[in-house]
Amino acid sequence: MPTVEIKRKLLLEKLDKDESYTQKAFADLCFDFGIELDEVTSEYTMILHNKGGSLTDKQRKNKKLREQKIPELKTADTEDLYKIDVPANRYDLLCVEGLTRALRIFEQKQTQPDYKLSSFDDEKSLITFHVNAANCRKVRNYAVGAVLRNIDLDDDVRYDSLMKLQEKMHFNICRKRELVAIGTHDLDTIEAPFYFDAKPPESIRFKALKEAKEMNAKQLFAWYKSKEYRDASGNDICAVKEYLHLIENSEVFPVITDAKGVVLSLPPIINGEHSKITRKTKNVFIECTALDLTKAKIVLNTLVTMFSEYCADPFVVEPVYVIYDGTDDAYISPDFDAHRRLHTFETSTAYINKNLGTTLQASNVSDLLKRMGLDVQVGPEQGKGKDDITLTVCAPPTRSDILHPVDIVEDVAIAHGYNNIPFRLPEHATTASEFVLNSISDKLRYEMASCGFVEVLNWVLIAKKENFDFMLIDERQKVQTTVQLNKPKATQFEICRTNLLPGMFKILSVNIGQKNVSLPLHLFEVGDVVFADADLKNYECGARNERRLAALTCNRQQSGFETLHGLLDRIMEQNQIEFLPQISIDSQYDGKWPSAAQSKGKRFYSIRESQKPSFFPNRQAVVLVDGVEIGYFGIIHPKVLKNFGISTVTPVIVSALEINVECFVQPPQSKRR
Amino acid sequence: GNLSGLDKSSLKELKSRKLLASKQDKYFVISRGANYSAQRKEQVKDITLEVVDKYMDIDSNAWNGPEIKKYNFNAKGQTLSHGALHPLMKMRTEMRRILLDMGFEEMQTNRYVESSFWNFDALFQPQQHPARDAHDTFFLDQPHSAEVITEKYAGYMQRVKATHTNGGYGSIGWRYDWKESEAKKNLLRTHTTAVSSRTLYKLAQMKPFKPSKYFSIDRVFRNESIDATHLAEFHQVEGFIADYDLTLGHLLGVIAEFFKRIGIPDVRFKPAYNPYTEPSMEIFGKSAERDEWIEVGNSGVFRPEMLEPMGLPPNVKVIAWGLGLERPCMIATGVKDIRTLFGPRVDINMVKHFPIVRYDEAKPVQEQKKGFKDM
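Chains V and A are the protein sequences, given in the same order.
The first sequence: position 192 = 550 (the numbering used here), numbered continuously.
The second sequence: position 129 = 164 (the numbering used here), numbered continuously.
Because the hints were derived from the structure by calculation, they are not lab data.
Heads up, a few of these hints could be off.
[Claimed, not checked] List of simulated lysine-lysine pairs, DSBU-like, C-alpha gap at most 35 Å:
1) V/Lys565 with V/Lys534
2) A/Lys214 with V/Lys576
3) A/Lys43 with A/Lys61
4) A/Lys47 with V/Lys419
5) A/Lys214 with V/Lys836
6) V/Lys1000 with A/Lys237
7) V/Lys823 with V/Lys836
8) V/Lys845 with A/Lys237
9) A/Lys43 with V/Lys970
10) A/Lys104 with V/Lys873
11) V/Lys895 with A/Lys387
12) V/Lys873 with A/Lys196
13) V/Lys1000 with V/Lys895
14) A/Lys196 with V/Lys847
15) V/Lys1000 with A/Lys245
16) V/Lys534 with A/Lys196
17) V/Lys822 with A/Lys214
18) A/Lys61 with V/Lys873
19) V/Lys427 with V/Lys568
20) A/Lys219 with V/Lys823
21) V/Lys367 with V/Lys421
22) V/Lys583 with V/Lys847
23) V/Lys367 with V/Lys526
Since this is a predicted model, take the numbers as computed values, not measurements.
Next comes chain V alone, as it looks inside the complex:
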């Protein structure tokens, strides 16, 4: 969730509160409005938190000593700084101006301003912003713009706030400048009309923001990436490096120039030094270039509705005329009327009450919506008379989050207070039912615990090495059936597990040798493993889960092999599957698994010697149910234990079992109809 920071004094001033206004009262206001007072800190505390890691205890406690060590602290502000979390879709709350304006409206201290465009005769009289449609299409196709006239940013809050809002929007709605990039320019240093084009990087030559000399875009990129771009301590100080990839591989780079060819910006990377704005700037030209026009309009509307507050004519914005050269496309930007037309919804008191379970009157609803900053027209009555009155609701250019009448319903609910809506329970009776695989799994878990095994719970995500190499399994043969992650943040995760045992061995290696952990250990886990599976008819994503049961014994004296053999018998007994020794298959059924007619509805399991690399030779077997292999058990190969770092702590012998439990879902014959 995005966070907005505001100093207490400024907050009180903006909200018309005096010193007696408590932090709790503000936290409650935030709660009701749907934002959250996340933290109360100060600039001083934040610097101490970020840079105080190397302080000794003595320095930490002594003000003088710590300020010697971190000189910035001397000038840092100790005033309470409120950090407020705001919802991700409310860009209008991302700056101090918007947040306090919305709260003032919510508290009925003011009404929503009437955001307007300055009047103009026709489009041609406006500043024009030309887009070379054919060229720009290759890299960044849309542009919007606006002008803020006679603005006063010369204040401790305003200029910084404008910068911060851009930064925040760049980070979230603009998706790190990929979708939209914002540039603000001192209009008095440049000359209209403006041009948005895409040109080969070598041909774009300008002095970029904060750079000492002019470079072409290719040189600039090389410079940004060079090792010399560091501060005195060798830290990488290139703030735009993370954006270079957005256009780096394009033959042409986007560029905005003025009538005289002065470069305003190289979106989405950097602005030019020439047109940069300062606290003293009087007239601001704002441009947004984008891959997503809807978002560009939202970003522009947010910026101008927030900061036109500081214009000589407050909340009045001068539009520009955007022309896509070589096409018929052109529009006025920003276009508040178009926004209002799109965001006007006809709803009714009946609809709202039906969605909320309330009995609110039209005037009531109208007041509530006005507190949320929405514009409401009441009337006329609909079919059902005075309980059903039409409400025409319009969202101002600050609100892009209203998509459907349900969004209006929510705003009514917020202003009315979620906690003031009467609680009810649904009237229709429904019947509960369990997912049978989960019920069977739970029953098996109880049986395992009854047999003296302790349950563990492991991650599905695992490293290839652990899942295969450590188990002495040849990974190359399993590539096709393994689910592989793309760019995992934690490097220990590469795939989804295909066996439960590796995770259990990891648990052993952590727990053996710990105090209070005594041998023998009996552990089990019931969980899902995942396979890539090309049977797309049954598994549309090309993967499937398989529910497994794994158990192990870990001991110093005995192998525990017979215990696990006994455990297997117990599991089968509890699932009414009878033992059918291989010797009986050979003697009674000619070496073939008994047919349905022969087995007379009974189910059988059998055990056969196996040669799996994870297990000790001649002490391992596979388990068959209904003639199909469903798992294996045996004494674990000492090399496997060594790989997991188990035997290095305390020498132990481990026997283990792992079976697919999905065969138990099919009910025993005696219970079937």
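Fit chain A to the supplied structure of chain V, relying on the hints for placement.
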């Protein structure tokens, strides 16, 4: 000599000048006690079959043997070797039982690999939403994408596309260029709502519509770095009710009922944002120990842009809520590092000694008998 006359400060002074060193001696004084005897007295320690045979006449209840050694009830008994269920699973079992008691049907959640379509697009979550970034979601190298869904859900997918792009059903939509290739990308599901969306789609295909309640408790995955409070996979509890004309009031009521049953009788609601619910609410519960409100879950009414393309009638509303399983479990177990609860670093002793999970503490105790009626 005798130093007992010296005061503390003089002692300290002498010690600091190394003129004095302190030394400790231990000694025992042995004297005859009440049970003193010159002879070694034989005592019976354990009652074995042999002892009973030898010394006891069962019929007359007569004892003809040496004294029976008193048992030390001041010590604890022997430690048993026993099995145990994992605390997180014990909690899951209780929550599952509560949801079944409330008439909810369990969803089939055994599919960790999901397409972006069911995990995001079907929920009206736009393709440029930050949650769909590889920084938050595990996308897959293999199997990379769910190619067959284009054909399998052709009509529905077109309706989803249209709703994202141009709106419909009373909505203006997100107004962007929706890409099928993005929807087909496979991932490890980021929430169990991916299963809810599948379940709702199935429900929408059944005519006539039948009011239903569903729940699930299973794993979800997030591409996160691991630390004491974050794992890349965790458990989500989720429930939803689909019925005609449900209101926000119903959601408030159901949530209050559920949380009352898991021992949180006081809840309140904060407005929140969620791309697929409107209204959306965070659920706060009153913590009895700390006397403060803590966030315990999330909830909302599924958006019409999600439900109507599935084919559900417009007057069917779906109310839903969810919570994580790990956090309440960390609070209950006192575990500070989530990795010692769930994953390879689990503390086996903690698992063995964790008590029975019960959520009935909040209920008034009925007819509880004090003491024990004598045989």
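Evaluation of the provided hints:
Pair hint lysine 565 of chain V plus lysine 534 of chain V holds up; C-alpha atoms about 23 Å apart against a cutoff of 35 Å. Among the hinted pairs, lysine 214 of chain A with lysine 576 of chain V is consistent with the structure: their alpha-carbon atoms are about 32 Å apart, no more than 35 Å. Among the hinted pairs, lysine 43 of chain A with lysine 61 of chain A is consistent with the structure: their alpha-carbon atoms are about 23 Å apart, no more than 35 Å. Between the alpha carbons of lysine 47 of chain A and lysine 419 of chain V the distance comes to roughly 31 Å, so the proposed pair stays at or under 35 Å and holds.
The straight-line distance between the Cα atoms of lysine 214 of chain A and lysine 836 of chain V is roughly 32 Å, inside the 35 Å bound, and the hint therefore holds. Distance check on the hinted pair: lysine 1000 of chain V and lysine 237 of chain A sit about 49 Å apart at the alpha-carbon level, beyond 35 Å; violated. Only pairs whose Cα atoms come within 35 Å are accepted, and lysine 823 of chain V paired with lysine 836 of chain V is accepted, the gap being roughly 12 Å. Our distance criterion of 35 Å between C-alpha atoms is met by lysine 845 of chain V and lysine 237 of chain A, whose separation comes to about 33 Å.
Between lysine 43 of chain A and lysine 970 of chain V the alpha-carbon distance is near 76 Å, which puts this suggested pair outside the 35 Å criterion. Restraint check for lysine 104 of chain A and lysine 873 of chain V: satisfied, since their Cα atoms lie roughly 33 Å apart, inside the 35 Å limit. Proposed proximity of lysine 895 of chain V and lysine 387 of chain A is contradicted: the alpha carbons are some 43 Å apart, above 35 Å. Among the hinted pairs, lysine 873 of chain V with lysine 196 of chain A is inconsistent with the structure: their alpha-carbon atoms are about 58 Å apart, more than 35 Å.
Between lysine 1000 of chain V and lysine 895 of chain V, the direct Cα distance comes to roughly 42 Å. Violation of the 35 Å bound is thereby established for this hinted pair. Straight-line distance between C-alpha atoms of lysine 196 of chain A and lysine 847 of chain V comes to about 31 Å, which keeps the hinted pair within the 35 Å bound. The straight-line distance between the Cα atoms of lysine 1000 of chain V and lysine 245 of chain A is roughly 57 Å, outside the 35 Å bound, and the hint therefore fails. For the suggested pair lysine 534 of chain V and lysine 196 of chain A, the alpha carbons sit about 25 Å apart, so the restraint of at most 35 Å is met.
Between lysine 822 of chain V and lysine 214 of chain A the alpha-carbon distance is near 32 Å, which keeps this suggested pair within the 35 Å criterion. Using a Cα cut-off of 35 Å, the hinted pair lysine 61 of chain A and lysine 873 of chain V holds, with the two alpha carbons roughly 32 Å apart. Distance restraint check for lysine 427 of chain V and lysine 568 of chain V: the Cα-Cα separation of roughly 29 Å lies within the 35 Å cut-off, and the hinted pair is therefore satisfied. Distance check on the hinted pair: lysine 219 of chain A and lysine 823 of chain V sit about 29 Å apart at the alpha-carbon level, within 35 Å; holds.
Distance restraint check for lysine 367 of chain V and lysine 421 of chain V: the Cα-Cα separation of roughly 24 Å lies within the 35 Å cut-off, and the hinted pair is therefore satisfied. A distance of roughly 24 Å separates the Cα atoms of lysine 583 of chain V and lysine 847 of chain V; the hinted pair therefore holds under the 35 Å criterion. The hinted pair formed by lysine 367 of chain V and lysine 526 of chain V meets the criterion: a straight-line CA distance of about 23 Å does not exceed 35 Å.
The structure fails hints 6, 9, 11, 12, 13, 15 (numbered hints given earlier, in ascending order).
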